[in-house]
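These protein sequences, in sequence, are chains D and U. Numbering-wise, our numbering puts 133 at position 133 of the first sequence, and it's gapless, one number per residue. Numbering-wise, our numbering puts 309 at position 309 of the second sequence, and it's gapless, one number per residue.
Some hints could be false.
[Unchecked claim] Heads up, incomplete: computed chain D residues facing chain U, CB under 10 Å, no partners named:
1. Leu-158
2. Ala-187
3. Asp-230
4. Tyr-295
5. Glu-298
6. Ala-309
To be clear, the hints were calculated from the coordinates, so they are not data collected in a lab. All figures in this text were calculated on a predicted structure; none of them were measured in a lab. Cβ atoms here follow ideal geometry from the backbone N, Cα and C, with glycine treated the same way.
Number of protein chains: 2
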Amino acid sequence: MVDEKDFALLTDLYELTMCASYFGNKVKGIAAFDLFIRDLPQNRSYFIAAGLEDALNYLKNLKFNDEHIKFLKSKKIFKDGFLNYLKNFKFTGDVFALPEGTVFFPNEPILSVTAPIIEAQLAETFLLNAINLQTTIATKASRVVLAAKQKPVVDFSLRRTQGADAGMKVARASYIAGCAGTSNVLAGMKYKIPVYGTMAHSFVMAFEKEEESFEAYSKTFPDASTFLVDTYDTLKGVEKAAVATKKLENQGHKLKAIRLDSGDLASLSKSARRILDKSGLSHAGIFASGSLDEYKIEELLKKGAVIDAFGVGTAMGVSKDAPYCDVVYKLVELSDHGRLLPTMKLSKGKVTYPGKKQVYRIADKNGNYAKDIIALRGEKTNGQQLLAKVMEKGEIICKMPSLEKIRETTKNNLSKLPEKYKQLKNAASYKVETSRGLIKLTLKLNKTIREKV
Amino acid sequence: MVDEKDFALLTDLYELTMCASYFGNKVKGIAAFDLFIRDLPQNRSYFIAAGLEDALNYLKNLKFNDEHIKFLKSKKIFKDGFLNYLKNFKFTGDVFALPEGTVFFPNEPILSVTAPIIEAQLAETFLLNAINLQTTIATKASRVVLAAKQKPVVDFSLRRTQGADAGMKVARASYIAGCAGTSNVLAGMKYKIPVYGTMAHSFVMAFEKEEESFEAYSKTFPDASTFLVDTYDTLKGVEKAAVATKKLENQGHKLKAIRLDSGDLASLSKSARRILDKSGLSHAGIFASGSLDEYKIEELLKKGAVIDAFGVGTAMGVSKDAPYCDVVYKLVELSDHGRLLPTMKLSKGKVTYPGKKQVYRIADKNGNYAKDIIALRGEKTNGQQLLAKVMEKGEIICKMPSLEKIRETTKNNLSKLPEKYKQLKNAASYKVETSRGLIKLTLKLNKTIREKV
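Chain D extracted, bound-state conformation (with noise of 0.2 Å):
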């Protein structure tokens, strides 16, 4: 496992080389940042920010200890003056950031990092990961979230989450978008994120009768028992449930529900839902699991399946149609002695805007999102700004919002954002401006690198 002490370490190696060689020829200037994502991954019309409280971590306790020291010294490539500044090495810089929950678009900058160019070079590697997880998940689970119209959504996907950390991560990630809870117990513990689950197939075949696992289950526990009924002929396995159940009822207690997790849940729900109403048990509610993902349940829904919660696993915890976004970071500005140098790169389909930035949010008669405008930072413009100064020489200066609230910001966001944008496939596409300053600089700056190049 990683540990946060290691963090220093969890880089490239280019950035300490590159690090090595500004030490070495003395470029001290301050540089400028900008974390964004390039494009939109396929079937995405927006992006849902996450990851901040890490990222700013991260930056806040950034330190080399002397393994770390020793370790790079073997590498035989490092002077001992720069191993030495690293001994010594604390970020100082200023970092301005969109919200976590914030729905944002490409090119607009997530977190825009100024500090002398060591520095803000050093810490690209994890903060690329560190936004770039949280966001693919908070913005995938806020599909699926989405899809379901109300109904609870419960990450199931810890066994399959591209590890521990991830594992982690999607539960945080998914209970920002909107889930209800997680099925992972350390994320409860660690998020004071609610967790949910009861059984799985091996606990029905552990008993040599179905009906016989139901009636001990509910045994241990007479008041939370969900019955996994697809073990072996889900309709048979829902009348067994509703048979086993009887004593349990007859002694005051309550069905809380049955789980469905494979077949064709949407006929399967209403034959289920059929037996359990006659049987007395209207207050049981379906759950649905195997295999969903947002087209499913939205699919699911259209035919009329009644289901009453889902739980959504591997498809939302590794974002499967889309397991990354292109977040890059790049270096939109350098001043050096007095002198500012905005930059830009020009390489093919990688081209980058320079400067310091806003983001500019520009509201319809009802509140609801119209547009956003992408600006030099300070540069007059009309509009809500989404970026906020979150650290200042490397101190946290904002209030970490809980995850509740986190998750009634994305809830609040979302809902501003017209329907036409949500679509899970063939969304709208959402408008993003580039200011008047910003173009100018642009055209600018392209010109002027092009004669010296």
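Position chain U relative to chain D; hints supplied.
Relative to chain D, chain U alone:
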């Protein structure tokens, strides 16, 4: 971050509720669970086993501490008797496993766990998570390495892996699969994997002129300079690299390589090669990166790209086209009070094979893999046994091989898998049979269960 001491709670809640009910109902049989992958993901034709070391360390050290017990108690669903049991929990079972680096196929057990049912059940979530990530990545990376045909591949994915843990495990699994190293410095320290990296576009942009950045870098790393040449105009960049390197070469140093990171890499590499050769830099290599994967590498080499090594990032690090394996953990046998009860489920599309198993591999006369047979353990069958006993009564009884050794195992195994099974797309389907004993048991059990249901 997830601390190893918290692994006991890194599990789905239902593992704990099931265990509580096994405990309450005195279900104490010895259970056998198979961990296997149901299907080949799209474009995959084999798997590379990885993640066993983590899995075994988890089982060996599994322990609930006071904080965990307190948290579980606070949920108000567990009885004190069960919580007391957890306080003294220890995994005491046996494990058979495919050694890391083994080539394997769907339905072949990767792990076979035999233990009192509570212990075996509790381990499910973590074991799936550990095996899934590393097996998914080792499999993907082996494809990239095969496509690169002898040319080194370096893992560049850390910035967009799904979290910190994945960043480490991707470096490990891709090294096992044959990558030459990683950009991840911490993986270099923890796993002793070679680390690689030189400069990013931001470094080039931090200097007023491109050539200044090259000169500055080579001053710091005179014998280890790889210049990134595509920040503004790739071929002009190569020319500048050649000029900037003159001084370096005159002082007896050598330019190591240039790196291309965008554009038409096949055509650019040929032009760059000509420029370098004309400038007396035929010793300098050409390193390519930029959204590469096995498909693009295969295409580049087909087009005659003059590339000496590849940096492969996100597509490999998240296994973009198949970001998980459909790995499951199924109860296959339960012996209770002397009564042996092989088990299987009949859920639609999710039928499992009962009984404890062994996998046999049959070679052709040249020693190449011809077919596998999944048999009952103890059943007489020809071929090499793939599953080895690695844990007995909760203790690891095998020597953990070094990463170098696992890497060698992978290479040897893949060399014995005929070419037709290693095509990137539309590969031939490797034959995996089930033994007579297994078929007989499956049919018998199917009948028994259908009569019961």
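Evaluated hints:
no.	hint	in the structure
1	Leu-158	holds, 6 Å
2	Ala-187	holds, 9 Å
3	Asp-230	holds, 5 Å
4	Tyr-295	violated, 16 Å
5	Glu-298	violated, 21 Å
6	Ala-309	violated, 15 Å
The structure does not agree with the numbered hints 4, 5, 6 stated previously, though it agrees with the rest.
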